[in-house]
Amino acid sequence: MLISEYAIVSEKARIGANVVVGPYTIIHANVELQDNCIIGAYCELGISNHLSCGENLVIGKGSHIRSHSVFYEGSKFGPGLITGHRVTVREKTMVGDNFQIGTLSDIQGHCKIGDHVRIFNNVHIAQHADIGDFVWMFPYVVLTNDPHPPSEVVQGVTVQNFAVIATMSVILPGAIISEGCLIGAHSSISGKTVKDTIYAGSPGKKLGPTSNIKLKDGTGRSAYPWRKHFHRGYPQAVVDIWCNEKY
Amino acid sequence: MLISEYAIVSEKARIGANVVVGPYTIIHANVELQDNCIIGAYCELGISNHLSCGENLVIGKGSHIRSHSVFYEGSKFGPGLITGHRVTVREKTMVGDNFQIGTLSDIQGHCKIGDHVRIFNNVHIAQHADIGDFVWMFPYVVLTNDPHPPSEVVQGVTVQNFAVIATMSVILPGAIISEGCLIGAHSSISGKTVKDTIYAGSPGKKLGPTSNIKLKDGTGRSAYPWRKHFHRGYPQAVVDIWCNEKY
Amino acid sequence: MLISEYAIVSEKARIGANVVVGPYTIIHANVELQDNCIIGAYCELGISNHLSCGENLVIGKGSHIRSHSVFYEGSKFGPGLITGHRVTVREKTMVGDNFQIGTLSDIQGHCKIGDHVRIFNNVHIAQHADIGDFVWMFPYVVLTNDPHPPSEVVQGVTVQNFAVIATMSVILPGAIISEGCLIGAHSSISGKTVKDTIYAGSPGKKLGPTSNIKLKDGTGRSAYPWRKHFHRGYPQAVVDIWCNEKY
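Protein sequences, first through last, are from chains A, B and C. Heads up, the first sequence is in numbering that gives the first Met the number 0, so the first residue is 0 and it goes up one at a time. Heads up, the second sequence is in numbering that gives the first Met the number 0, so the first residue is 0 and it goes up one at a time. Heads up, the third sequence is in numbering that gives the first Met the number 0, so the first residue is 0 and it goes up one at a time.
The set of hints was computed from the structure by calculation and includes no laboratory data. Check before you lean on any hint, since a few could be wrong.
Derived SDA-like pairs (lysine to any residue); straight-line CA-CA distance at most 25 Å [unchecked claim]:
(1) A:Lys205 / A:Lys215
(2) A:Lys191 / B:Lys213
(3) B:Lys205 / A:Gly200
(4) C:Lys191 / B:Pro149
(5) C:Lys191 / A:Asp216
(6) B:Lys11 / B:Asp34
(7) B:Lys213 / A:Met93
(8) C:Lys204 / B:Ser150
(9) A:Lys204 / A:Lys245
(10) C:Lys215 / B:Lys11
(11) C:Lys205 / A:Lys191
(12) A:Lys213 / A:Pro146
(13) C:Lys215 / B:Thr157
(14) C:Lys213 / C:Cys242
(15) C:Lys245 / B:Ser150
(16) B:Lys227 / A:Gln154
(17) A:Lys245 / C:Ser150
(18) C:Lys227 / B:Ala16
(19) A:Lys213 / C:Ile175
(20) A:Lys215 / C:Glu244
(21) B:Lys11 / B:His27
(22) B:Lys111 / B:Ile81
(23) B:Lys205 / A:Pro202
(24) A:Lys111 / A:Met93
(25) C:Lys60 / B:Asn48
(26) C:Lys215 / B:Asn48
(27) A:Lys205 / A:Asn243
(28) B:Lys205 / C:Pro202
(29) C:Lys11 / A:Glu4
(30) C:Lys194 / B:Pro149
(31) B:Lys227 / A:Met93
(32) C:Lys191 / C:Lys215
(33) C:Lys213 / B:Glu54
(34) B:Lys60 / A:His49
(35) C:Lys215 / B:Gly190
Pulled a few chain B residues facing chain A out of the computed Cβ check, cut under 10 Å [as the list claims (entries may be wrong)]:
(36) Ser66
(37) Gly79
(38) Ile81
(39) Thr102
(40) Lys111
C-beta atoms are modelled at their ideal positions from N, C-alpha and C, and glycine is treated no differently.
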């Protein structure tokens, strides 16, 4: 039996083949779990909300949602979602394939996330963020959206492909973190950054091209673009493209 | 049936009319839920503690506590409390009307919070904080209380009416954030701030009157005091007073 | 009956005398709870993981794990562990006696923690941290480990005996926080610090000996080393040693 006898699963929920649901988890009617999903214990999926416009929560095939997580209705995830524990995702979060998000992270909804994005623990994403592909965010990163809180003005943050935001950094409203940038730990960033450039500090300053940083593995190679040396968990087809790129 | 058959509710708890209690929630004896409260799943309310002096947890009428939250006995909330998920509130937290507190926020108890206060996600409030009315705090704000940790000296933080503390800011022990101040994101603040003034940086510096900040809505109005333009969710009687104020 | 009728406890788990297990808690086979442990509600203990090498989770006698916490198999805790709510501990975390860790803190596993360590709420400990005895960390401290993320290079942080790290500080990869140091709030620290010295800022700067800080209790004594005046909760035999130390 794959669905725990201690789970509460609505008869109207659409549950794929080989789906596992842990004890004490609640799955509401407005949920679609595609084949081979694993849902941990104490999760609540498909919480209704007047902002969801009655749309389903869709979890792509082969996803794994760990315990104590909360997902609202009206969000969609491609295949291969992997979460830590106690993740929160509000309505209208539209996510591509192979998204990874760590324990205690919190997505406020009404935002867009590309493919192969990896977000660590305790990351907070305000509404109207627009996140590209292959982006990384480390613990306690916050994406904001209100330039003079509280107000009715919303300026979401953009994070482009391959950008990396290190721990405890705040991305200020309307900022654009350009492709391949590295934001150092404990920084505050506003405005539009230059591609493949390091920024750090509060307020953040430009510190030169990311290629200046050398890998501390004894090889003397550049640490960025990281896709030249870090391939763990990406599809082979993607890694093959990266290995054949010219710089 | 408003009380889930999967909830554990003490026969001694005082449960008002039309109260909804979600599955797997535990409500201990020392709890008073007033009329029309909604309590989500997996909450535990009324945890006993030797510091609570055996006083009840009182949740005012029309409150909504979301899932996975934990409240100790010995705290009192006025009507209209709204919480996110996984909120923690320790004993002897005395709160006014219409308090809003976001997902993962954590109140350490032994503190006082006024009316219409709005705290976002992941805010941490140390003991002996004294928070006025209409205060705002954004994600990952921390109020501290020990000037030379660890010690037995406690210097709680004061936050006065209408003050706003932006994301990831630390308010140092004994600081007084005066009425109408704006604390910028990612700042550290000590001492007593001047009323209606902007402070930012770590250590925080005075950056001029809050009225210098203009609303990014094309009107050219000042963004502060925010009550001149931001009214969402406040009672009409309060908004009427604000609209008739002279500056 | 000490084990709640609503808990799910594997018959293979090793449960000591007088152990209390709260409602809806799950205890897997690979768990050893020694005598007199108290486990709150909604916890999941002994989650399996291919990195655990099939080793047990061992919780020492007289421990208290609060609600909604998650512990993986393959970690070991000495007697007297006390946790807040919603703590997460991954595999291969090796901890001494009397460890205290606050609500929402998160240990990524593969790390070592000494005796009498006290970690407050929302502390994040990356893999390969090496933490001594009598260490303190305050809310939202992050220990990191990757010098150029993402990469396969891991440089864990070392925190030596009696060191204190104040709120919202980031300890950068490979840093060594030496014995008796005080890291001020909202700081970023790299490299090796000098013993019994204050560092603060981002990037952190040396601010002089910790003995310069005077206790704000009217006595004029130095606030550091803190063990000269702060004894709450430590064993009398330890306090006796501290009181007889010469400085």
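Here is what the structure says about each hint:
{"no.": "1", "hint": "A:Lys205 / A:Lys215", "in the structure": "holds, 22 Å"}
{"no.": "2", "hint": "A:Lys191 / B:Lys213", "in the structure": "holds, 21 Å"}
{"no.": "3", "hint": "B:Lys205 / A:Gly200", "in the structure": "holds, 19 Å"}
{"no.": "4", "hint": "C:Lys191 / B:Pro149", "in the structure": "holds, 22 Å"}
{"no.": "5", "hint": "C:Lys191 / A:Asp216", "in the structure": "holds, 20 Å"}
{"no.": "6", "hint": "B:Lys11 / B:Asp34", "in the structure": "holds, 16 Å"}
{"no.": "7", "hint": "B:Lys213 / A:Met93", "in the structure": "violated, 33 Å"}
{"no.": "8", "hint": "C:Lys204 / B:Ser150", "in the structure": "holds, 24 Å"}
{"no.": "9", "hint": "A:Lys204 / A:Lys245", "in the structure": "violated, 29 Å"}
{"no.": "10", "hint": "C:Lys215 / B:Lys11", "in the structure": "violated, 45 Å"}
{"no.": "11", "hint": "C:Lys205 / A:Lys191", "in the structure": "violated, 33 Å"}
{"no.": "12", "hint": "A:Lys213 / A:Pro146", "in the structure": "violated, 36 Å"}
{"no.": "13", "hint": "C:Lys215 / B:Thr157", "in the structure": "holds, 18 Å"}
{"no.": "14", "hint": "C:Lys213 / C:Cys242", "in the structure": "holds, 18 Å"}
{"no.": "15", "hint": "C:Lys245 / B:Ser150", "in the structure": "holds, 20 Å"}
{"no.": "16", "hint": "B:Lys227 / A:Gln154", "in the structure": "holds, 20 Å"}
{"no.": "17", "hint": "A:Lys245 / C:Ser150", "in the structure": "holds, 20 Å"}
{"no.": "18", "hint": "C:Lys227 / B:Ala16", "in the structure": "violated, 55 Å"}
{"no.": "19", "hint": "A:Lys213 / C:Ile175", "in the structure": "holds, 21 Å"}
{"no.": "20", "hint": "A:Lys215 / C:Glu244", "in the structure": "violated, 42 Å"}
{"no.": "21", "hint": "B:Lys11 / B:His27", "in the structure": "holds, 8 Å"}
{"no.": "22", "hint": "B:Lys111 / B:Ile81", "in the structure": "holds, 17 Å"}
{"no.": "23", "hint": "B:Lys205 / A:Pro202", "in the structure": "holds, 15 Å"}
{"no.": "24", "hint": "A:Lys111 / A:Met93", "in the structure": "holds, 5 Å"}
{"no.": "25", "hint": "C:Lys60 / B:Asn48", "in the structure": "holds, 21 Å"}
{"no.": "26", "hint": "C:Lys215 / B:Asn48", "in the structure": "violated, 29 Å"}
{"no.": "27", "hint": "A:Lys205 / A:Asn243", "in the structure": "violated, 29 Å"}
{"no.": "28", "hint": "B:Lys205 / C:Pro202", "in the structure": "holds, 21 Å"}
{"no.": "29", "hint": "C:Lys11 / A:Glu4", "in the structure": "holds, 20 Å"}
{"no.": "30", "hint": "C:Lys194 / B:Pro149", "in the structure": "holds, 18 Å"}
{"no.": "31", "hint": "B:Lys227 / A:Met93", "in the structure": "violated, 35 Å"}
{"no.": "32", "hint": "C:Lys191 / C:Lys215", "in the structure": "violated, 29 Å"}
{"no.": "33", "hint": "C:Lys213 / B:Glu54", "in the structure": "violated, 38 Å"}
{"no.": "34", "hint": "B:Lys60 / A:His49", "in the structure": "holds, 22 Å"}
{"no.": "35", "hint": "C:Lys215 / B:Gly190", "in the structure": "holds, 15 Å"}
{"no.": "36", "hint": "Ser66", "in the structure": "holds, 6 Å"}
{"no.": "37", "hint": "Gly79", "in the structure": "violated, 18 Å"}
{"no.": "38", "hint": "Ile81", "in the structure": "violated, 13 Å"}
{"no.": "39", "hint": "Thr102", "in the structure": "holds, 5 Å"}
{"no.": "40", "hint": "Lys111", "in the structure": "violated, 22 Å"}
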